[in-house]
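K.L.:
Chains as they are written, first to last, in our numbering: chain A, 8 to 334; chain B, 70 to 817; chain C, 45 to 256.
Be aware that a few hints might be false.
Unchecked claim - Straight-line alpha carbon distances no greater than 25 Å define the calculated DSS-like cross-link-like pairs of lysine-lysine that follow: (1) B:Lys488 <-> C:Lys180; (2) B:Lys697 <-> C:Lys244; (3) B:Lys568 <-> C:Lys193; (4) B:Lys804 <-> A:Lys46; (5) C:Lys193 <-> B:Lys698; (6) B:Lys804 <-> A:Lys310; (7) A:Lys262 <-> A:Lys279; (8) B:Lys202 <-> A:Lys46; (9) B:Lys470 <-> B:Lys665; (10) A:Lys310 <-> B:Lys665; (11) B:Lys697 <-> A:Lys328; (12) B:Lys81 <-> C:Lys193; (13) B:Lys338 <-> A:Lys307; (14) B:Lys487 <-> B:Lys697; (15) C:Lys244 <-> B:Lys81; (16) B:Lys296 <-> B:Lys665; (17) B:Lys97 <-> C:Lys250; (18) B:Lys815 <-> A:Lys328.
Claimed, not checked - Covered, in the sense of this in silico footprint (three residues per stretch, anywhere, with C-beta under 8 Å from a C-beta of chain A), are these stretches of chain C: (19) 141 to 153; (20) 163 to 175; (21) 183 to 192.
Worth flagging that the hints you see were computed from the coordinates, not collected in a lab.
Keep in mind the model is a prediction, meaning the values are calculated, not measured.
Note that beta-carbon positions come from the ideal geometry of N, C-alpha and C, so glycine has one too.
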Amino acid sequence: MIQFQYERATTTKAAINGLANNSNARFIAGGTNLVDLMKRNITAPTKLVDINMVPLKDIQQQNGKTSIGALALNSAVADNKLIIEKHPLLSQALNAGASAQIRNMATVGGNMMQRTRCPYFYDTALPCNKREPGSGCGALEGLNRMHAIFGTSEQCIAVHPSDMCIALVALDASVLVAGPKGERRIPFEEFHRLPGNQPEKDNTLQNNEMIISVEIPDNAFAKNAHYFKVRDRASYAFALVSVAAALNMDGKVIKEARLAMGGVAHKPWRLKEAEKALAGKPATEETFRQAAEIAMQGAKAFKYNAFKLKLGPNVIVEALKNAAGLV
Amino acid sequence: MNEAFFDKKDYKPLDRVDGRLKVTGAAKYSAEYVLPNMSYAVLVGSTIAKGTIESIDSKAAERAPGVLAVISHLNAIKLPSYQSKGEHPSEPSTKGQPLRVFFDNKIYSNDQPIVAVVATSFEKARHAATLVKVQYNKEQHQTDLEANAEKAVLPASGKKNPKSPTADYDRGQIDAFANAPVKFEAEYVLPTEVHNPMELQSITAHWEADDKLTVYDKVQGTKMTQKNFAKEWNLPEENVKCIATFVGGAFGNGLHNWPHETAAIIAAKQVKRPVKLVLTREQMFTMVGYRPRTWQKIQMGATKDGKLVAINHQSIGQTSTYEEFTESTLQQTRMMYASPNVSTRYRILPLNLATPIWMRGPGEATGAFGLESAMDEVAHSIDMDPVDFRLLNYTESDPDKNMPWSTKYLRECYDEGKKRIGWENRKMQPGSVRDGEWLVGYGMGTGTFGANRNSATVHAELDKEGNLVMHCAITDIGPGTGTAMVQIASNTTGIPTEKIAFHLGNSEFPNAGLQGGSSTVNSVGPAVLAACNALKEQLITMAAAKGNAAFASAKPDDVMFDKAEIQLGGKSAKLTLGDLLKQNNIEKIETTNESKPDENRNKYSMNAFSMHFAKVHVHPFTGQVRVKKIVCCADAGTIVSPKTAASQMIGGATGGIGMALTEDAVMDHRFGRYVTKDLADYHVPVHADVPEIDVYFVNKPDLLADPVGSKGLGEIAIIGVAPAIANAVFNATGKRIRELPITPDKLI
Amino acid sequence: MDKNQANNRPEKEDHHESRRDFLKTSSILTAIAVAPVAVAKAAEHNLGEKISAAFETTPVNMTVNGVKKQLNVEPRSTLLDTLREQLDLTGTKKGCDYGQCGACTVHVNGQRVLSCLSLTVMHEGQEVTTIEGLAKGEELHPMQQAFIKHDGFQCGYCTPGQIMSAVACINEGHANNEADIKEFMSGNICRCGAYPNIVKAIQEVKNGGQKS
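With these hints in hand, go ahead and build the complete structure from the sequences.
P.N.:
Next up, the structure:
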């Protein structure tokens, strides 16, 4: 870890100014991913702007949406009464991620900014276009059991590791960001990006922009929501496949559905076609199976992750069954 | 004589004697000693698996703030022992020449330590290490076991000696399998596993004088370490001191002295300051051994009514190109079941990898996955209960050594285990029991391990207040050695446990072997016993000499202590310890006693046995396996410390869960580098993976094995667990997974 | 290819490494506004290594186990390394250094966090409690007693982290049943496998009414 410049900011403005004129400056909040990456020499910012003093921790309900400050801790959001009551899917997803200690440090904004866990990204002796553009993708022909089946490119087949983001994309959240030129809102689905030819870019945040909050519009999914995560051990592991499922039910009929997958793409993978297929249908395993098939269209496996083609739809069905109360 | 008084009390559960130190953070591990002028070393590993170093550019690192030295083969001291070729002279390293760190420019494996950066702080050393630039001449490496299987060889020990455990073995008819009425054949693979103790391998090396070295080192043998470093540096043994008072787990990886230890000692010599070196978690995968990936093939022949006719078992395990690592993968196949015809073929495959080292239940745990899975498969194929199948082929004597067992109470384990797991709920037909969406399965596996015993020496002193203090060089990597020894001493003398101290983990204390191979209680326990009896004899002699006629014909067993009072059987006579010592003008008495294996070892086959039962749930759509209960039954002889022994069994079962379900060091053979090399990607079980683990000890002494009656526990705690779980998964699903770990992708 | 560059290369170019180069970087000088002026000036004039070392550090005030500490640390020092190497509070353990094992768990302002992923400079004004600060003098915390009673450890290396985590687990309200305890303690790995005993210890303390 190089010696870097450290600065504390207490306002959004000061924080954003702190990044000015230094493209290699970074915000630090929980540090749970950044410090890890810095220790392993995967990233080496020359300046860190500590934003923990910026007052962005509030969780509030107003104007038909729930707003969660970017610096709200993962544990605070997961345990928040308003969130548990209105957006239990988010609470479940947060609790499925990392460990209690990490959730006590990691913030909502930091969770969104976390980088892939691809082992080729994590080993500076191996090729990785995300870490070192142009060096090649080690995973493409390598050990890609954990890797993406949707939206991959020849440059990168890494997956986004967050659980929280899977719930947020399913819940149609948007991201309020601020930069030198003011604020803007990014639909959650557009916040993270596919690797394409620029796998080094994880998201659409511009230089000097800062996440202010995440906003979730009110919805009718609280009663029938489930986050289902399959991993290599019972807890404290990244997803092989995870699914966030939320249903708005009218008796036994699905009025509206929300569905997103984790562990399958470079971004939280929203399944809109499958959602459409669920709308208006009875909540049966048969319906869910059909939706799952639609969801998997376009999936492409690599040497070691073909199991995701089968596990993926199964987890979709299980998540929906749980959401619908069929289990 | 009052019988009740002289009957040895049952061993009662005792809280760990070092518990308070451990729960308060006061226990000091090897990187936690404060020394003046401390410096910090960080190792740079090679990024190729085979070839030579062409150049090292260390200028930037040398210029970095706080850097004291950048040490590589270009500028390192050449150790006297590095000149020797061939086998390393010291035990218990594996055969060959351990890697000579910073010796030359040769690369034998990826992440081989090639540079040490020493600085005034850890942060500075870590940073400067990233500035070292190395250029290589790369050569084609081979790291893939399966791809190179045909190059596997008989180990040197097996070549040299046909009686060696690694040699080819044939009992009975070689073609028996071909003629068996029921024939079964399958291959099994255990992936590379890594010990991954929670404490990172650490050493603090301190040259107290030019020729006087002290290491605070994470090892399983302080005497081994003392001897090895004395040889390495051409020093008298008494000039080398190894301190390992607390060892944060090891599971075998402290049974070898590794290059990083020598690197730290070299660094300390060159910077003339104490050096602290703590490996990174990645380096724990590449620098301190691992359980080698092992391929096995089993052929098992039986009659239709379940009598074993033949077992042919072969295995190939990987090793490095510079050391031959061997383990007892196939031993239990020779002696576990009453098959008249058995053949084993053990092979090793040198690859461009670092040397493996025994990992808990070493080869036996690997072999048991094959043997006990095959037993389950054959039982299933003839529609026989797997416990009944084992009982039908039970051996009442060792068919390999042709000797009687010293003791064997495995039947009791089968009976008790069946009851405790609820075996009657198991259905022969796989996939026929459900709990909601989950499939339910039951499985079992047997384990065995030699009741090993080494010579050991204990020094004991008893003061006038009745405090008993003992010393021994043995280490405690976690099982609770101090606790067990205190219990043996208390049980032998009657002195309450709180008045007894057992000091260990220091090479200056009397000799003991390694803490490994389940040998500690069997080896050091008898020395404690001998020392306690010797103290009693001294007291008897003194008492008799001072005219206590009642003591004149007394034997150690007739004497017990009650507080500071010495009592003769039936309280027929007693005297005060303080008075007796005062009469003799001494403050304390002391003794040093060695205890050694005896000739019974030539007459009996001595083994500990275990039986593990598992109940699992398998989610049919997502392939998730949840172990719901494990029952461990052990025939380990006398259990001297019931509380810590139970914990050891629970820990072994937990390790078995990891082996069965989660642990897999995956290598990308294009680069010869691991891709699962930290605790996020290499999954050891967490709290949520571990169910109730019910432990039962037969607890019958084996006094032929050693005077304490113990047969050892550490290995049998894990041997047989993984196949029990794999067999339960089969019972739940009908899917037979022959390559561990059983991850969700393999079951959907 | 037969010649390979060893590439411990981060995503960025190499940085100015020598002390001289480092000190010349004016943006850094302005950043470390907290460094005493005299020190900064001395550094500018390339005076001795010791002064430079002072310059590279930042003062931090925090309370550790109830004692106020004025520390000077490099911004890159983690709380874990500061505790272990600077304060000799080695009860907090380094098991992975990457936030994957929980051995380094401490309480910051009463919350359990991983000291290995936490920079010391980020704890200005905060209260840190380590395993050494849990007992009240000679009297062990009930969780420490329960760990001894239920044998919730073997080698003892993960133990301080387990205990700090366990105390917080109850305080957070995440110890209401066995399944919850296991889930919310899964960030603390025990390779010796003492898990069932740890769960029993936590249940006992929870049922006995933990006083933090």
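K.L.:
Against each hint, give a clear statement of whether it holds in the structure.
P.N.:
Do the hints match the structure? See the list:
1. Under the criterion of a C-alpha separation no larger than 25 Å, the hint pairing lysine 488 (chain B) with lysine 180 (chain C) is inconsistent with the structure, at around 46 Å.
2. At most 25 Å may separate the alpha-carbon atoms for a hinted pair to count; lysine 697 (chain B) and lysine 244 (chain C) meet this at roughly 17 Å.
3. As the CA atoms of lysine 568 (chain B) and lysine 193 (chain C) are separated by approximately 19 Å, the hinted pair is consistent with the 25 Å bound.
4. With a C-alpha separation of about 42 Å, the suggested pairing of lysine 804 (chain B) with lysine 46 (chain A) is violated against the 25 Å cut-off.
5. This hinted pair checks out: lysine 193 (chain C) and lysine 698 (chain B) have alpha carbons roughly 23 Å apart, not beyond 25 Å.
6. A C-alpha spacing of about 22 Å is found between lysine 804 (chain B) and lysine 310 (chain A), which places the hinted pair at or below 25 Å, so the restraint holds.
7. Distance check on the hinted pair: lysine 262 (chain A) and lysine 279 (chain A) sit about 14 Å apart at the alpha-carbon level, within 25 Å; holds.
8. With a C-alpha separation of about 18 Å, the suggested pairing of lysine 202 (chain B) with lysine 46 (chain A) holds against the 25 Å cut-off.
9. A threshold of 25 Å between alpha carbons decides the hint, and for lysine 470 (chain B) with lysine 665 (chain B) the separation of about 22 Å falls inside it, so the pair holds.
10. A threshold of 25 Å between alpha carbons decides the hint, and for lysine 310 (chain A) with lysine 665 (chain B) the separation of about 56 Å lies outside it, so the pair is violated.
11. Among the hinted pairs, lysine 697 (chain B) with lysine 328 (chain A) is consistent with the structure: their alpha-carbon atoms are about 23 Å apart, no more than 25 Å.
12. For the hint linking lysine 81 (chain B) to lysine 193 (chain C), the alpha-carbon distance of about 13 Å falls within 25 Å, and the restraint holds.
13. For the hint pairing lysine 338 (chain B) with lysine 307 (chain A), the CA-to-CA distance comes to about 57 Å; that exceeds 25 Å, so the pair is violated.
14. Taking the CA atoms of lysine 487 (chain B) and lysine 697 (chain B), the gap is near 15 Å; set against the 25 Å cutoff, the hint holds.
15. In summary, the hint linking lysine 244 (chain C) to lysine 81 (chain B) is supported, as the alpha carbons are separated by about 20 Å, within the 25 Å threshold.
16. For the hint pairing lysine 296 (chain B) with lysine 665 (chain B), the CA-to-CA distance comes to about 20 Å; that is within 25 Å, so the pair holds.
17. At roughly 29 Å between alpha-carbon atoms, lysine 97 (chain B) and lysine 250 (chain C) are farther apart than 25 Å, so this suggested pair is violated.
18. Using a Cα cut-off of 25 Å, the hinted pair lysine 815 (chain B) and lysine 328 (chain A) holds, with the two alpha carbons roughly 23 Å apart.
19. With a threshold of 8 Å between beta carbons, the proposed coverage of the stretch 141 to 153 of chain C by chain A holds, since 5 of its residues qualify and at least three are required.
20. Given a C-beta distance limit of less than 8 Å, the hint that chain A covers the stretch 163 to 175 of chain C holds, as 4 residues qualify and 3 suffice.
21. With 0 residues having a Cβ less than 8 Å from any Cβ of chain A, the stretch 183 to 192 of chain C misses the three-residue criterion, and the hint is violated.
Comparing the model with each numbered hint stated earlier shows that hints 1, 4, 10, 13, 17 and 21 do not hold.
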